[in-house]
Structure formats: C-alpha cells, structure tokens
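Undergrad: Sequence:
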Amino acid sequence: MSALSLSLPGGTWALGDMTVTRFGYGAMQLAGPGVMGPPADRDGALAVLREAVDLGITHIDTSDAYGPRITNQLIREALHPYPETLRIVTKVGARRDEQGGWPPARRPDQLRRQVEENLESLGLETLDLVNLRLGDAAGPQAGSIAEAFETLAGLQRQGVIRHLGVSNATAEQIAEARSIAPIVCVQNMYNLAHRHDDELIDRLAAEGIAYVPFFPLGGFSPLQSSTLSAVAARLEATPMSVALAWLLHRSPNILLIPGTSSVAHLRENVAGARLSLSDEDLAELDGIGRG
1 MSALSLSLPG GTWALGDMTV TRFGYGAMQL AGPGVMGPPA DRDGALAVLR
51 EAVDLGITHI DTSDAYGPRI TNQLIREALH PYPETLRIVT KVGARRDEQG
101 GWPPARRPDQ LRRQVEENLE SLGLETLDLV NLRLGDAAGP QAGSIAEAFE
151 TLAGLQRQGV IRHLGVSNAT AEQIAEARSI APIVCVQNMY NLAHRHDDEL
201 IDRLAAEGIA YVPFFPLGGF SPLQSSTLSA VAARLEATPM SVALAWLLHR
251 SPNILLIPGT SSVAHLRENV AGARLSLSDE DLAELDGIGR G
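Counting with my numbering, you get residues 1 to 291 for the letters of the sequence shown.
No lab work stands behind these hints: they were computed from the structure. These numbers were taken from a predicted model, which means no experiment stands behind them. From the three backbone atoms N, C-alpha and C, an ideal C-beta is built for every residue, glycine too. Treat the hints with caution; some may be incorrect.
[What the hints assert, rightly or not] Computed spacing ranges between beta-carbons, pair by pair:
hint, residue 1, residue 2, range
1, Glu199, Arg157, 30 to 38 Å
2, Gln141, Ser251, 24 to 32 Å
3, Pro103, Ser7, 38 to 46 Å
4, Glu147, Ser262, 35 to 43 Å
All chains, full assembly: derive it from the sequences and hints.
TA: Following this line, the structure appears as structure tokens:
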C-alpha cells in the first residue's frame, strides 16, 4: 500500500484478506443522467478515477448495472492493468429497464450472467467482492435470499468471486446469508439523518464485518439540517464535509464510498473527511437522527 493511502482519513479496514482504505470512491455518478448512458465528459470521468487512485484510494465501488456497463468500462479504460492494492467491489441482483428502473434480477441464471458481465467489462478473472442487491428503491424487503445467495456462494467456490456481501438487506437476510457463506460487508442506506441501522453497525463491528453506507450524504435529497449547518459553520467547513467526517467517527467498520464526477469535488470530499470533530460536535450531530 502506498504512503499516500495512509494519509487518507479513517485509515484502513480488512475486507476478509483484503485491506482497503476506509475512504473509498463510488463510481455510480460517472454514468449519464439517471445512471443511464455515457457521461457528458468522458475524459473528465476517466480523470476522476485516475485521481482517486493517485490520492491513495484502494476501494472502488461499481456495478455493471450502472449505465448499464458504462462505469465498469470507464474503470477498465482508466485503470487497467489495475494496481496491485486496488480492490473493485461490484454488485448484482438488479437489471435496468428502458425507463431507467431497477427491476430485480436474482434468479440463478440471471446472477450467473451478471457475474460474467462484470468480469468481462472489468477485464478480470476474479471479482474481489460481489454484493447481492436486495429489496427495491423503497428499501429492504423481507423474504428469503437463500437461492440467490447460494448461487453466489457456488460461484465463490468456483473461484470467480473472492468475497461476498449483501446490499439493501434486512437483519434477517444478513443472518440468512451468513448461514450460507461468510460475508465481509453490508451495504445499506445510512447517514446522519437515517440511523435505522445503528444497532446493526455496532454488531457487525464486533464481528469484523464492514458496513458501507450508500447515500452517505442523503443521495438524491441532500442532507438538510440546521444543526448540521451550525456545526459546519463553527468548523468553517461545508455541511457535507462534516457529514462524511461524522460517519468515519461513528464506527471503525464504516467504509465511505461517496461519488462524484468532478476531480475538484473528489479532493474536497477527501479533505473534508479529515475534519476533527470534538465531543461537543459529535453530541450535537448524533441528535440529528435520534430526535
């Protein structure tokens, strides 16, 4: 691992036998509007990916459904052959329709095809980590995931997947997945204002499993809070910087994958997450999602 990565906020975390920087990068925003089609500025998208690696980031999150295929193609063009320390995390379990929706695609044949497509578009023989995407746009949905997760576990035994995780999952589905095969991460929606997974995060931390919040800054509805704005003003920082720094303080197993299509914004995110939050700051921020 480069000396640069050691300077990234939050240090590192072990995903199974893979060490990654806790501050990572999510590639979803590199696709066009609605995560469909190519970016307006292809060269700019490639520059963001190269800058992420230059900054020392060793954890990139993607999916062949982004575009579809667009972000994986950009990652391959920008970074292949990949640095030895870089870990690319992808997900399967949904496809894209012509309206830009995300209908489930979790039958065994669909999952196998999606894994093949990720391998092909990324130019890999083995995927570092594959998350099974569950639920829908409204959030996690109850129900057994045994058939789908057993399919991925079988592909892991074949050697085309190194590690497994779940995304948009209930606590019961996480337990069911773990009864089938080990998992190294959970990707769920979580941020300052959405704290429903607090107990889960602490439990996973005790068991050495990473928690990767998607929409760490609120997603399509950016975080709005007078308390957050007040803390940010006191620290002479942006609200989004404070929100990222809070997540890194929240628990050592939280890994950040904020996305951006701008090199300048990527640098701002990294710098902002280095903020030092006092006990007073943390107490005020903790109250946002628990009020």
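Undergrad: So which of the earlier hints does this model not fit?
TA: none
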